[in-house]
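This is what each chain is made of:
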Amino acid sequence: MSEDSGHSYALQMINVDKYFGAVCALRNVSFEVGSNEIIGLIGDNGAGKSTIVKILTGVFPPTSGELYIAGRKVDFRKYNVKKAHDYGIETVYQDKSLGEKQVLWRNFFIGRNITHPFGFINVRKEKEIANEIMLNTIGFRGKGITVDSKVSKLSGGERQGVAIGRAMHFQAELILLDEPTVALSLKEVRKVLDFVHQIKDGGKACIYISHDIQDVYEISDRFVIIDRGKIVANILKQDIGRRDLDSFLLEYAHGMKDGVEG
Amino acid sequence: MKERKSLLATLAKIEGLPVLGVMLIMLAAFIITAPSVFTRPLIYMSFLQTVPPALVLGLGLTLVITAGEIDLSFPAVVAFSGFAFAWVFKNVDAAWAPWAGFALALVAGALVGYVNGLLVARIGVPSIMATLASQFFWYGITILLAGGLQLNLREIEETAVHTIFTGRIFGIIPAQALWGLALTVFLWFVLNRHKFGEALMFIGDNPNVARVMGINVEATRIKLFTWMGVIAAFAGLLLTIEINVFFPTQGQGYMLPVMAAVFIGGTLISGGLGSIVGTLWGAYIIGSLQAGVVATGVTSYWVQSVMGFIMAAAVVINVSMGEGRMAGLVKTFRRWTGSSLESGAAEIAPNEPDAALDNHSYGHE
Ligand SMILES: Nc1ncnc2c1ncn2[C@@H]1O[C@H](COP(=O)(O)OP(=O)(O)OP(=O)(O)O)[C@@H](O)[C@H]1O
Ligand SMILES: [Mg+2]
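Protein sequences, first through last, are from chains E and W.
Going by this note's numbering, the first residue of the first sequence is number 28, and it counts up by one from there.
Going by this note's numbering, the first residue of the second sequence is number 851, and it counts up by one from there.
Think of the hints as simulated: they come from the structure by calculation, not from any bench.
Where a beta carbon is used, it is the ideal one built from N, C-alpha and C, also for glycine.
Be aware that one or more of the hints could be misleading.
[Said to hold, decoys possible] To give an idea of the chain W side of the interface with chain E (calculated C-beta under 10 Å), a few residues:
1) M895
2) F897
3) K1045
4) A1049
5) M1051
6) D1055
7) N1056
8) V1059
9) T1076
10) S1120
[Said to hold, decoys possible] With a Cα cut of at most 30 Å, we get these calculated DSS-like pairs of lysine-lysine:
11) W:K1073 <-> E:K154
12) E:K105 <-> E:K214
13) W:K1073 <-> E:K152
14) E:K105 <-> W:K1073
15) E:K110 <-> E:K152
16) E:K214 <-> E:K257
[Said to hold, decoys possible] What follows is a set of in silico ranges between Cβ atoms, one per label pair, in the way DEER data are often shown:
17) E:K100 <-> W:F1036: 36 to 46 Å
18) E:K214 <-> W:S1170: 25 to 35 Å
19) E:E155 <-> W:R1018: 28 to 38 Å
20) W:S1155 <-> E:E159: 54 to 64 Å
21) W:V957 <-> E:T142: 54 to 64 Å
22) W:R1043 <-> E:H224: 29 to 39 Å
23) W:L874 <-> E:V50: 55 to 65 Å
24) E:T142 <-> W:I864: 53 to 63 Å
25) E:F47 <-> W:V957: 46 to 56 Å
26) W:M979 <-> E:E155: 49 to 59 Å
27) W:V957 <-> E:S35: 53 to 63 Å
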């Protein structure tokens, strides 16, 4: 945690506040993500995890604070989802990543189509590349799923696989996964975790958000713990065991409970 | 049984085929029950003459409904744009007057659509409410401007505008039928092969997905309503130029038939998928229904019921061949009447996976 230059960071967030009207969702949030680091972002419901994700991906700006992506300062007045994509930030959500009724190949390229002149889509090229991603990046070999399949036909794990494959295809440097395993069976969760391991092996960075501490513990290099908009702990995996992390979180929950009552 | 189902499924993939089937069955029925009328070309020529304005409206509405919105203002645009055209034609004494009127009508339609778009996308008024209000408003303005009077445009028959848009090609085929067809082809490409169309599908499917994938949802909606206005104005022009007269309540009969055409065509009421080809056949089904049923000689008391029955049959055939298409009807109605601003607070419960869609997912691999 003591690099001098920001360049080995995929991302640094400094003193970020976010208000929704009078509601304070984030208060003085600072943390960083190394360029090949998996961060487990942990916190209770409403702690502000998704708010962090949305700021990082340009869905909305923070009220104040700074953001550096790969050492470059982000100008929030010009920052949006497209810009985040340009910066190599890709996001996988629990349920907002894919259009359910749409075919797979469209889902790969929505928002950044390969086009002919006048904005008409180069369907052949898009299908070709989508097929390539399916076979090579996510390994959907021989499952009766083609680029012409509708998303609604896919299992939950497969959907997340498509979203992660898409992120990897677009050269993501940092992939944000916001509760990608909610409502998945154990087997499907396994698939998603394997995809995340691929991100790490590919030399990229990742922020992984989940309420399942076991999963988070397995894949993360570091844990950032947030509570009611504030970062309360930032712990390397090597410094804490699975049990200790559990009891830390539990204690914290109890502590806060007392705090609320007191 | 299984094989038959998969054959049906394959056929259903060809866009608009089920609806085309319905149309052909219907025509066959008319030919049998009213041969004196339906074995002669005259009736078909008259369909080609009268259906295009409704078809054009239906095509535009297909885009709107695909994007998960609704537009109820198009009848008023038919009147307002017709007035714009008629006024210029009557008051400007120049050879280019019809063209100027034509252009002004399209601009008028764009204006109405743009305002609709602002209300829906920027202010967040549900589209069903915004465009309903808009319909009343622009009819009111039209009646006001026209002083409640109709304008006779008989001299229009001598102009090139008339020949080009509503003339008779080879002396028989109404030009507007070809314009309708051309627009069908063009909008098919827009919806299915253009990034704007793809954005509409994703927005109709789930605006939050569209947003996080970098689609500017608000701007796209504004663009959509503006285009709908222009398209509706074009329909108004085809109508006004064809019948050589403007009257301030024109367009009022279009609302329900045009919607019926779109839904018969297989466009999802819940948004996300739309069928331009389906709307083409749907418009001709609706447009020929009344004449057809009347020609069969059933008493006028029966006409409406028979029409309703055929519409219902068309939709049922489409649904049973398509994929659980009526699913999400309730959800959509909520969307039309509820909030269009899905960001933020409304994000809480976006994903009750569509049961009907899912049921269909597993099976015959
Ligand atoms: N668009 C918004 N408008 C108003 N308040 C919001 C908005 N988005 C989030 N909030 C509020 O900000 C706080 C943090 O929400 P956030 O979605 O970031 O929590 P979270 O940590 O992702 O929770 P969960 O684990 O339940 O997903 C909550 O109190 C929430 O109500
Ligand atoms: Mg969240």
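Check your understanding: Okay, which hints does this one fail, numbers in order?
Key -> The structure conflicts with hints 1, 2, 9, 12, 16, 19, 21, 24, 25 and 26, although it agrees with all the remaining ones.
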